[in-house]
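Protein sequence lines correspond, in order, to chains R and X.
Taking this note's numbering, the leading residue of the first sequence gets 1, the next gets one more, and so forth.
Taking this note's numbering, the leading residue of the second sequence gets 1, the next gets one more, and so forth.
Think of the hints as simulated: they come from the structure by calculation, not from any bench.
Watch out, some of these pointers could steer you wrong.
It does not matter which identical chain is used: a pair holds within one copy or between any two.
Unchecked claim - Derived lysine-lysine pairs resembling DSSO-like cross-links, with alpha carbons at most 27 Å apart:
#1 K403 with K384
#2 K206 with K220
#3 K334 with K129
#4 K220 with K543
#5 K28 with K524
#6 K317 with K517
#7 K220 with K403
#8 K334 with K543
#9 K109 with K403
#10 K544 with K403
As the structure is a computational prediction, the values presented were derived from the model and not from experiment.
2 protein chains.
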Amino acid sequence: MSTERLIYLPLGGAGEIGMNAYVYGYGKPGKERLIVVDMGVAFPDMDGSPGVDLILPDITWLAERRDRIEAVFITHAHEDHVGAVSLTYDRLRAPIYARAFTANIARRKMEEQGHAKETVTTVSAWPEKVTAGPFTVGFLPISHSIPESSSLIIDSPEGRVIHSGDFKLDETPLVGEPFDPKAWAEVSKDGVKALICDSTNVFSPKPGRSEASVGPEITKLVQAASGMVVATTFASNVARVKTLAEAGAKAGRSIVLMGRAMKRMVEAAVETGVLKDFPKVVKPEDAAAIPRENLMLLVTGSQGERRAASAQLARGKYQGMELKEGDLFLFSSKTIPGNERGVIRIINSFSELGVDVVDDSTGLYHVSGHANRPDLERLTEIVKPQIVIPMHGEHRHLREHVKLAEANGMTGVLAVNGMMVDLSGNQPTIAEYIETGRTYLDGSVQIGALDGVVRDRIRMALNGLVVVTVILDEEDEPLGDPWCELMGLPETGRSKAALVDVLEADLGQWLARAGAKIIRDDEKLNEGLRRVARQTALDEIGKKPEVTVVVSRLS
Amino acid sequence: MSTERLIYLPLGGAGEIGMNAYVYGYGKPGKERLIVVDMGVAFPDMDGSPGVDLILPDITWLAERRDRIEAVFITHAHEDHVGAVSLTYDRLRAPIYARAFTANIARRKMEEQGHAKETVTTVSAWPEKVTAGPFTVGFLPISHSIPESSSLIIDSPEGRVIHSGDFKLDETPLVGEPFDPKAWAEVSKDGVKALICDSTNVFSPKPGRSEASVGPEITKLVQAASGMVVATTFASNVARVKTLAEAGAKAGRSIVLMGRAMKRMVEAAVETGVLKDFPKVVKPEDAAAIPRENLMLLVTGSQGERRAASAQLARGKYQGMELKEGDLFLFSSKTIPGNERGVIRIINSFSELGVDVVDDSTGLYHVSGHANRPDLERLTEIVKPQIVIPMHGEHRHLREHVKLAEANGMTGVLAVNGMMVDLSGNQPTIAEYIETGRTYLDGSVQIGALDGVVRDRIRMALNGLVVVTVILDEEDEPLGDPWCELMGLPETGRSKAALVDVLEADLGQWLARAGAKIIRDDEKLNEGLRRVARQTALDEIGKKPEVTVVVSRLS
Chain R
1 MSTERLIYLP LGGAGEIGMN AYVYGYGKPG KERLIVVDMG VAFPDMDGSP GVDLILPDIT
61 WLAERRDRIE AVFITHAHED HVGAVSLTYD RLRAPIYARA FTANIARRKM EEQGHAKETV
121 TTVSAWPEKV TAGPFTVGFL PISHSIPESS SLIIDSPEGR VIHSGDFKLD ETPLVGEPFD
181 PKAWAEVSKD GVKALICDST NVFSPKPGRS EASVGPEITK LVQAASGMVV ATTFASNVAR
241 VKTLAEAGAK AGRSIVLMGR AMKRMVEAAV ETGVLKDFPK VVKPEDAAAI PRENLMLLVT
301 GSQGERRAAS AQLARGKYQG MELKEGDLFL FSSKTIPGNE RGVIRIINSF SELGVDVVDD
361 STGLYHVSGH ANRPDLERLT EIVKPQIVIP MHGEHRHLRE HVKLAEANGM TGVLAVNGMM
421 VDLSGNQPTI AEYIETGRTY LDGSVQIGAL DGVVRDRIRM ALNGLVVVTV ILDEEDEPLG
481 DPWCELMGLP ETGRSKAALV DVLEADLGQW LARAGAKIIR DDEKLNEGLR RVARQTALDE
541 IGKKPEVTVV VSRLS
Chain X
1 MSTERLIYLP LGGAGEIGMN AYVYGYGKPG KERLIVVDMG VAFPDMDGSP GVDLILPDIT
61 WLAERRDRIE AVFITHAHED HVGAVSLTYD RLRAPIYARA FTANIARRKM EEQGHAKETV
121 TTVSAWPEKV TAGPFTVGFL PISHSIPESS SLIIDSPEGR VIHSGDFKLD ETPLVGEPFD
181 PKAWAEVSKD GVKALICDST NVFSPKPGRS EASVGPEITK LVQAASGMVV ATTFASNVAR
241 VKTLAEAGAK AGRSIVLMGR AMKRMVEAAV ETGVLKDFPK VVKPEDAAAI PRENLMLLVT
301 GSQGERRAAS AQLARGKYQG MELKEGDLFL FSSKTIPGNE RGVIRIINSF SELGVDVVDD
361 STGLYHVSGH ANRPDLERLT EIVKPQIVIP MHGEHRHLRE HVKLAEANGM TGVLAVNGMM
421 VDLSGNQPTI AEYIETGRTY LDGSVQIGAL DGVVRDRIRM ALNGLVVVTV ILDEEDEPLG
481 DPWCELMGLP ETGRSKAALV DVLEADLGQW LARAGAKIIR DDEKLNEGLR RVARQTALDE
541 IGKKPEVTVV VSRLS
C-alpha cells in the first residue's frame with residue numbers, strides 16, 4: 001500500500017462531549033500531511049479528576065508528527081473547541097486559522113501563554129479558502145450559539161469532506177449567520193464523500209427551536225418581575241447573552257455584567273463587531289445607585305460553579321450586589337449532566353434568601369445550540385454524503401447517530417477517539433488504532449491522566465492517609481518508636497484510645513520483633529510497617545487507609 | 001410558660017431529600033415527653049463526603065434527652081427512613097415500632113449491629129394504636145412504592161397531627177394498600193391540627209400516575225426484545241420489582257435476581273407475606289443453561305453505583321452473566337440529581353457492548369412514588385388541617401409547599417432541620433433553634449460532618465500533599481537535609497528538575513539560615529517549613545499543596 005490515502009482520526013470529542021480535537025491527513029500511509037480541526041478542553045470533576053484545572057486531549061501522536069502538521073483550524077470559540085489551543089501550541093507549533101471572532105478569542109489565549117498574536121491567522125468566510133498542504137479548507141458559516149461558528153469544507157485529492165463543527169439549523173439565530181440551505185446545497189452539489197457531524201442532540205426527537213423564540217418569553221418574565229432580576233447562561237453563549245440583555249433593556253432595566261468570562265466574551269464580541277447594538281452596560285459599582293427593580297444582572301455560573309458569580313451571589317454579597325426576597329433568578333441554560341448538585345445547591349441557597357428561581361423546566365427560557373434528530377436528518381438530506389461519521393458525542397450518541405445515518409441509506413462509521421479511518425476508495429475502513437487519552441492541566445503543569453497523580457489524590461480522599469516515620473541509627477537500631485501522622489482519619493476508633501497511639505504501639509511492637517534482615521531491607525521494612533498500619537486501622541476504624549512510610553537511616 | 005405544649009422538631013429531612021428524622025414532644029417546656037418518627041440515612045458523594053459510607057442525622061440533642069424518649073416509629077422500610085435505626089440505637093435505646101414488613105427489615109439491621117430482635121415491636125395497621133407517654137400513635141396505610149407504607153396518626157392532649165411519611169395517591173399500587181380516601185376522611189373528620197407532609201414532588205404539576213400503568217408498557221417492551229433483558233430499579237421499590245418480574249414472566253422469561261439488596265428485599269417481602277405470587281426465580285448459576293432470549297435479569301444499581309450489579313455487567317462478566325449485542329437494558333427508575341455521571345458511564349459502556357439501553361425519558365417505564373402537586377392539594381382537601389408543615393424536601397421544595405398551602409387557605413410553616421415549632425394554641429410559633437447537622441459513618445466509626453476529617457480528605461484530593469520530615473539532634477542541629485514525600489503531585493514542574501529535589505533544596509536552605517529561636521520552637525519551625533514548601537510548589541507547579549511537617553527531635 002503505497003498509494004495516497006485520506007484519513008480521519010479523532011483524538012478527542014468522539015466518545016465524550018467536550019475536548020474536541022480531530023485530525024485529517026492525506027498522503028502515503030505514515031507520511032500523510034496533517035491538519036487539525038479544533039483543540040478544545042473538557043472540565044474536571046471531583047469524582048474523576050479532583051484538583052485538576054482543565055482536561056486536554058493527549059496530543060502525543062500529533063506532537064511526534066509535528067513536522068507533518070500543516071495547520072490547525074478552529075470552528076468556533078467555545079472552550080471545548082478552542083480552549084486547549086494555547087496550551088498545546090508549544091508541542092505543535094502549527095499555524096492556527098479561524099474566523100475573526102474566534103481568532104480574537106484564540107489570540108487572547110495565546111498571549112496569556114506568552115505566544116505571539118501572529119500565530120493566529122484570520123480567515124474570511126467561504127468561499128475564501130486556506131491551502132494547507134494537500135488540503136484546501138474553507139469556513140462555511142452555520143448557526144450555533146456563538147458568532148461566526150463554521151463548518152469546514154475540506155477538499156483533498158480524494159474529494160470533499162465536510163466537518164460540521166457544532167451547529168443547529170436556525171434561520172433566525174440573533175448572532176452569527178442564519179442557516180442557509182442554499183449555500184449548503186451549493187457546496188454539496190458535486191458530491192460529498194463524508195460528513196463528520198455533531199451528535200450531541202441525536203436523542204432529541206423534535207426539531208430544534210430558534211434562538212428568536214426565547215427572547216419574547218424572557219422579556220415577559222423580566223417585565224413581570226418586581227425586584228431585581230439576575231440571569232445566568234454560559235458566557236460563551238453570546239446569542240443568549242444578547243437575548244437576555246435585550247429583554248432587560250426592553251423592560252427598562254440597566255444591564256450589569258458580572259463574572260470575568262461574561263465581561264470578556266461581550267468585550268471580544270463588541271470589539272470584533274459581531275455583537276452589534278448591545279444594550280448599554282452599567283458597572284457593578286455604579287449599579288448601587290439604581291433602584292433594584294431597574295436592574296438586570298447577567299452573571300456567570302449557570303452550571304453551579306463554586307467560584308462563579310451566581311454561586312457568590314447565592315452565598316451573599318458579591319461586588320456590592322446582594323439578592324433578597326422578591327428578586328428573581330433565571331437559569332437561561334440547561335444543566336449539564338454531572339453539574340446538578342452544584343446547581344441545586346445554588347437554587348436552595350436562593351430559596352433561603354426568598355429569591356424566586358426560574359429554570360428551563362418549562363422549556364420557555366432556553367433552547368439548545370445543537371441540531372436535534374430531525375435537524376440532523378435535514379442536513380444530511382441536503383448534503384447527501386456517502387458516509388456519515390458522528391463526532392462530538394458520548395459513545396451512546398455516536399452509536400445512535402450511526403444507526404440514524406444507516407436508516408437513511410448512508411454508510412455510518414462509529415469512530416471513537418484513537419480510531420483512524422481510511423476514507424479512500426469506496427468503503428471506509430479502520431486503518432489503525434492510536435493510543436489516545438487525556439492530559440490534565442494541574443496548576444501550571446500538564447500531567448497524563450494515567451500518571452497516577454490523580455489516582456493517588458482520589459485514594460487519599462476515599463481512605464485517608466497515615467504517614468509512618470521511623471528513624472534508624474548507625475547500627476540499624478530504631479531510635480525510639482515509629483510515629484504516625486494521620487490525615488483525613490477519625491481520632492479514635494473501637495478501643496476508644498487515640499488511633500495514633502494504637503497505631504504507634506502496634507508498629508513499635510512489630511518493629512521490636514522484626515529481625516535485622518527485615519530492618520536492613522527498605523522494601524521489606526516499608527511493606528511490614530504498611531501492613532501493620534493498615535491492619536490496625538481496619539480493626540480500630542473499619543477501613544484501611546493509604547499508608548506512606550518514611551524511613552530515615554542515620555548511617 | 002409552664003403549661004404543656006406540643007412541639008415538632010425535624011432533625012433530618014427538612015432541607016434535604018433523605019436522612020429523615022422528626023421529633024414530636026408534649027409536656028412542659030424542656031420536659032416534653034418525646035417520640036421520634038423515622039431514623040434514616042442519606043448517601044455520600046465524592047464532592048462533599050468522599051470515603052464516607054453513610055450519612056446519619058446528628059442526634060446529639062436527642063441522645064442528651066434519652067430518658068425523655070418514649071418510642072421510635074418507622075413509617076416505611078426505605079433506607080432514608082429506616083437506615084439509621086440500628087446505628088443510633090446505642091445512643092437512644094428507645095423501643096422501635098413498625099408494621100410487619102418494616103419491622104422485618106429493621107430487625108435485620110438491628111441483628112447486624114448485635115442488638116436483640118426484641119428491640120423492634122410489630123404494630124398492626126390503624127385502628128391499632130400504640131401508647132407512648134402522652135401520645136397515641138397509629139399507622140394509617142397509604143400507598144407508596146414499598147409494602148406497608150404508613151402515615152402516622154399522632155394524638156396528644158393538644159389534638160391530632162398527621163405525619164404523612166412518603167406517599168402517593170395510588171388506588172392500584174400493586175403492593176401495599178391502595179390510597180383510601182374514605183379512611184382519610186374518617187381520621188380527619190374531628191379536625192386535624194397539622195399535617196406534616198412529604199414535599200418531594202411539589203414541583204411536578206400533573207397528577208401522579210399509578211404503578212399499574214407501568215406494567216403493560218414494560219410487558220410490551222420485554223415481549224418485543226429478542227435478546228436478554230436486564231432491568232434495574234431501586235431494590236427497595238418492591239412494587240416495581242414485582243411489576244418487572246411479572247412483565248418478564250408474561251413474556252415467558254425466567255427471572256434472575258442479581259445484587260445483594262435485590263435478593264434481600266424480595267426475601268423479606270416474601271417472608272412477611274406482603275409480596276404474593278412473585279414469579280419463580282432462577283439462580284444466576286442455573287441461568288447459564290437457559291437461552292438468553294428466555295431470561296430477564298432484575299439487578300441493583302439504578303443510580304450507577306460502581307459496585308452494584310448493573311455497573312458490574314457494564315464492565316463485563318458478572319456471576320457468569322454477560323451482556324452482548326442485541327440485549328436490552330432498562331432503567332425503570334429516575335436518576336437522582338447528582339448520580340447522572342455514574343448512570344451515563346454505564347449507558348456508554350453498554351453502548352460499547354452493542355446493548356440497547358432504554359431509560360425513563362419517554363415516561364413509559366417509570367412512575368414516581370411521591371405525591372405530585374395536585375395530589376398534595378387533594379390530600380389536604382380531605383384532611384383539612386389547620387397547619388401544613390412541609391417535610392422531606394430541600395429548602396426549595398419546602399418553600400414551594402408552604403406557598404401552595406397558603407394559596408389554599410391553610411397556615412404553612414417553613415421549618416428546616418433544627419427549628420422547633422410550638423404547635424400549641426392558635427398559631428404555630430418557632431420555639432427554639434436546635435443545633436443539628438450530619439454524622440458520617442466512616443468505616444465502623446461515626447464522625448461529625450464538621451470534625452474536619454472529611455475536610456482534610458477533600459483538601460488532599462484538591463491540592464495534593466507534601467510531607468516534610470526533619471530530624472534534629474540533641475543540640476537542635478538538623479541531621480541532614482529535610483526530606484519530602486509527595487502524594488498526588490506531579491513529579492516535575494517549571495524547572496524540569498524533580499519537584500521533590502527542588503523542595504528539599506529550598507527547605508534545606510531555609511533551615512540552614514533559620515536561627516536557633518525558630519528551630520527550638522515547634523510551631524515556628526512547622527510554620528516556616530510549611531510556608532517554604534508551599535511557595536516553592538507554587539513556583540514550580542502553579543499550586544499550593546497541603547503540607548504536613550514531621551519534626552523528630554532526638555533530644
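Here's how the hints hold up against the structure:
1. For the identical chains of this complex, K403 and K384 are intra-copy neighbours only, at 16 Å inside a copy versus 55 Å across copies, given an alpha-carbon limit of 27 Å.
2. Within a single copy, K206 and K220 get their C-alpha atoms as close as 25 Å, and across copies as close as 24 Å, so both meet the 27 Å cut-off.
3. For the identical chains of this complex, K334 and K129 are neighbours neither inside a copy (36 Å) nor across copies (49 Å), given an alpha-carbon limit of 27 Å.
4. Taking the shortest Cα distances, K220 and K543 never come within 27 Å of each other, neither inside one copy (56 Å) nor across copies (46 Å).
5. Taking CA atoms no more than 27 Å apart as the test, K28 paired with K524 passes in neither setting, with 54 Å inside one copy and 66 Å between copies.
6. In this assembly of identical chains, the alpha carbons of K317 and K517 never lie at most 27 Å apart, being 64 Å within a copy and 44 Å across copies at closest.
7. With identical chains, the CA atoms of K220 and K403 are at most 27 Å apart between copies only, with a shortest distance of 23 Å across copies and 41 Å within one.
8. Taking the shortest alpha-carbon separations for K334 and K543, neither the intra-copy value of 39 Å nor the inter-copy value of 32 Å comes in at or below 27 Å.
9. Taking the shortest alpha-carbon separations for K109 and K403, neither the intra-copy value of 38 Å nor the inter-copy value of 48 Å comes in at or below 27 Å.
10. For a Cα distance limit of 27 Å, the shortest separation of K544 from K403 qualifies neither inside one copy, at 47 Å, nor across copies, at 49 Å.
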